[in-house]
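Sequence lines, in order, name chains A and B.
Just so we're aligned: the first sequence equals residues 1 to 354 in our numbering.
Just so we're aligned: the second sequence equals residues 1 to 354 in our numbering.
Since the hints were made in silico from the structure, they are not lab data.
One or more of the hints may lead you astray.
What the hints assert, rightly or not - In the DSS-like style, the derived pairs of lysine-lysine whose C-alpha atoms are separated by at most 27 Å in a straight line are:
hint : chain 1 : residue 1 : chain 2 : residue 2
1    : B       : K332      : A       : K332
2    : A       : K332      : B       : K307
3    : A       : K339      : B       : K307
4    : B       : K128      : B       : K168
5    : B       : K254      : B       : K129
6    : A       : K2        : A       : K129
7    : A       : K19       : A       : K286
8    : B       : K340      : A       : K299
9    : B       : K168      : B       : K125
10   : B       : K339      : A       : K307
11   : B       : K286      : A       : K299
12   : A       : K299      : B       : K299
13   : A       : K44       : A       : K68
14   : A       : K168      : A       : K182
15   : B       : K307      : A       : K19
16   : A       : K340      : B       : K332
17   : A       : K2        : A       : K125
18   : A       : K286      : B       : K332
19   : B       : K340      : A       : K332
20   : A       : K254      : A       : K128
21   : A       : K19       : B       : K19
22   : B       : K299      : A       : K19
23   : B       : K346      : A       : K286
24   : B       : K299      : B       : K339
25   : A       : K340      : B       : K307
26   : A       : K307      : B       : K346
Protein chains: 2
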Amino acid sequence: MKITAVIMAGGRGERFWPKSRNSCPKQFLSLTSDRETMIQKTVKRLRPLVEAEDIYIVTNAAYRSLVKDQLPDVPEENILAEPCARNTAPCIAFAAAVIGRKYDDAVMLVLPSDHLIGYENIYVKTLKKAVSVAEQGKNLVTIGITPTYPETGYGYINFGDEAGDAYKVERFVEKPDLPTAKQYLASGKYLWNSGMFVWKISSVMENLKEFMPDIYEGALRIGESFGTDSFEETLVKEFTAFTSESIDFGIMEKASDIYTIPGSFGWDDVGSWLAVERINETDDDKNYIDGDVITVDSKRTTVCGGKRLIAAIGTRDIVIVDTDDVLLVCSKNSTQDVKKAIAQLKEQGRTELV
Amino acid sequence: MKITAVIMAGGRGERFWPKSRNSCPKQFLSLTSDRETMIQKTVKRLRPLVEAEDIYIVTNAAYRSLVKDQLPDVPEENILAEPCARNTAPCIAFAAAVIGRKYDDAVMLVLPSDHLIGYENIYVKTLKKAVSVAEQGKNLVTIGITPTYPETGYGYINFGDEAGDAYKVERFVEKPDLPTAKQYLASGKYLWNSGMFVWKISSVMENLKEFMPDIYEGALRIGESFGTDSFEETLVKEFTAFTSESIDFGIMEKASDIYTIPGSFGWDDVGSWLAVERINETDDDKNYIDGDVITVDSKRTTVCGGKRLIAAIGTRDIVIVDTDDVLLVCSKNSTQDVKKAIAQLKEQGRTELV
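Throw the hints in and build the complete structure from the sequences for me.
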């Protein structure tokens, strides 16, 4: 069966402010020394499995030209531009309806655009297994990441009986507290919820019809208009009317026939500035330094420089990010609070800096 | 007797890099919210005691125009431009010789250009006492600061018997270690060496003649040429030949008739970036913030902003200084290491940033 991929690239990436901006979010940035952007890496690592013409990018209309520039191999008509942000369920329904018009049925990989994968061969192998499970019946497959420590920042997948290459999903659970996360890890029955899904178009549409009928109907109307003169008008009308809902809450937590494939391929969600030292090489003092930087007795310091010289002296456990108009100095304990700084700027009406 | 003042303004202020640069050292900067520069404050607080025409600024030739711009009331011929840096003894000898040509004798206050004084009335009163002690015989008077804590970064003055408003100086001692500094403080017999001196021109010249005869002779030749066509030539020839030496080591530690006046007038040597939070108002979290800055849960953070927005998030005990071409992020424990960063830049030949 045809394999297609839908890359979700509408996110804002607030936690990577001030590099990530409304005008150029995280997925369009490079956070690694090779200078490839996150979304370029995402597409590249898929290519052994999916033809460029079968890769779809769902993004905000504002980012259409960024996608075009960064992914010249992806056909322009495969850039599906959302008129507004409505979370993952409408995003996936939109893409499924469009792909469903092209192929009678197809397998659809649903993937975030802003994660990193260390072991791409293993990743592709895992996706292949997921594809073969998804092809059976109306299975919905999610890739679960084998946890390596009791992370409290991710949701978990509790799995049960083995079923071939996959495991039956018992339930999805929210971000746990630390004792609970430790129990999960010790039990050997929990995986991290990575937000990567594999299913047939027919399977996800059936489930949308059952659990999110309004979105199902709207998506069908969008799909029918795709390629016609009325497409833009239909899209705006239907999409703006969709409820904002995640695919996890909208379908995965309600449907039966949910399977998970455990994956262990150096996955990193690149969730905050702390990721930079994980995904790049650091020096002997655990500093990550990019740009025109001098250090004196600095340790565990991440510096993402801009155009000016940065001198870091005696710094510890801190992130410094320099851009033309904003400088961030952030304790490593506070990287989640970057959002609060953005909120302050929005309150002050300084949208040009957000 | 006429009271004159010599303000030493040739220093480089490395510890306030990157605001303080070779092209504009600390004494020509404002580090306080009123935007007056250090040297402007120095002159202003002297004015109750000294006429503008009797204030002399000894500085490096490179800073002549800075002095002219910042101190329009000081006559241009009172700007004594050193052709090179030779520490305080040649600086003072140069000024004494020039003033000695104008007045038969006069009292000479010798003052740094880059300190701050909290209680200016008390400061002026203390200087007046020093003047009256200096007028007697060939006394050399130094202002000692009553210590408020066991500082290890200053030299100390050990004083003995009371002599009117002053005390006889027993000896000058180098920067002590902490236990020694604590003993000094407990003894009640030690003052901080502030680098402020008061004496008659005749007294300091006599002492120069005795202890630093080469500098004495050279300074006389400079003084004789002052106001003539050969001045520049004489100055360069004589001054560059001077040994680099401090007045403390060259005279004060050797002469007799040394007196000290204890001063307690909110003196601050503004010796490092740590001074900024002492000399300015801080917020409830002990942050000092200047410029376009937003903070989220920052404490004890000093931010001297530049043209761009700075976001400080979760920072503790850190100094952030932004300029157009250099950004400094420095732990408060490491403010003395700013010099090491400058040394690195010099090694790299990046003099434009120093």
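The hints, checked one at a time:
At most 27 Å may separate the alpha-carbon atoms for a hinted pair to count; K332/B and K332/A meet this at roughly 17 Å. As the CA atoms of K332/A and K307/B are separated by approximately 25 Å, the hinted pair is consistent with the 27 Å bound. Annotation: proposed proximity of K339/A to K307/B holds, straight-line Cα distance about 22 Å (limit 27 Å). For the suggested pair K128/B and K168/B, the alpha carbons sit about 18 Å apart, so the restraint of at most 27 Å is met.
Taking the CA atoms of K254/B and K129/B, the gap is near 23 Å; set against the 27 Å cutoff, the hint holds. For the given pair, K2/A sits about 15 Å from K129/A by alpha-carbon distance, which is consistent with the 27 Å threshold. For the hint pairing K19/A with K286/A, the CA-to-CA distance comes to about 22 Å; that is within 27 Å, so the pair holds. Between K340/B and K299/A the alpha-carbon distance is near 16 Å, which keeps this suggested pair within the 27 Å criterion.
A threshold of 27 Å between alpha carbons decides the hint, and for K168/B with K125/B the separation of about 19 Å falls inside it, so the pair holds. Restraint check: the Cα-Cα separation between K339/B and K307/A comes to about 22 Å, which is no more than 27 Å; the hinted pair holds. A threshold of 27 Å between alpha carbons decides the hint, and for K286/B with K299/A the separation of about 25 Å falls inside it, so the pair holds. In summary, the hint linking K299/A to K299/B is supported, as the alpha carbons are separated by about 20 Å, within the 27 Å threshold.
Between the alpha carbons of K44/A and K68/A the distance comes to roughly 15 Å, so the proposed pair stays at or under 27 Å and holds. With a CA separation close to 22 Å, the supplied pair K168/A and K182/A stays within the 27 Å bound. A threshold of 27 Å between alpha carbons decides the hint, and for K307/B with K19/A the separation of about 18 Å falls inside it, so the pair holds. Of the supplied pair hints, the one linking K340/A and K332/B holds, its CA atoms being roughly 25 Å apart against a limit of 27 Å.
Proposed proximity of K2/A and K125/A is supported: the alpha carbons are some 17 Å apart, at most 27 Å. For the hint linking K286/A to K332/B, the alpha-carbon distance of about 20 Å falls within 27 Å, and the restraint holds. At most 27 Å may separate the alpha-carbon atoms for a hinted pair to count; K340/B and K332/A meet this at roughly 25 Å. Between K254/A and K128/A, the direct Cα distance comes to roughly 25 Å. Compliance with the 27 Å bound is thereby established for this hinted pair.
Of the supplied pair hints, the one linking K19/A and K19/B holds, its CA atoms being roughly 26 Å apart against a limit of 27 Å. Using a Cα cut-off of 27 Å, the hinted pair K299/B and K19/A holds, with the two alpha carbons roughly 24 Å apart. Using a Cα cut-off of 27 Å, the hinted pair K346/B and K286/A holds, with the two alpha carbons roughly 26 Å apart. Restraint check for K299/B and K339/B: the C-alpha separation of about 25 Å stays at or below 27 Å, so the hint holds.
Taken as a hint, the K340/A and K307/B pair is honoured in the structure, with Cα atoms around 22 Å apart against an allowance of 27 Å. The straight-line distance between the Cα atoms of K307/A and K346/B is roughly 20 Å, inside the 27 Å bound, and the hint therefore holds.
Checked against the numbered hints listed earlier, the structure breaks none of them; every hint is satisfied.
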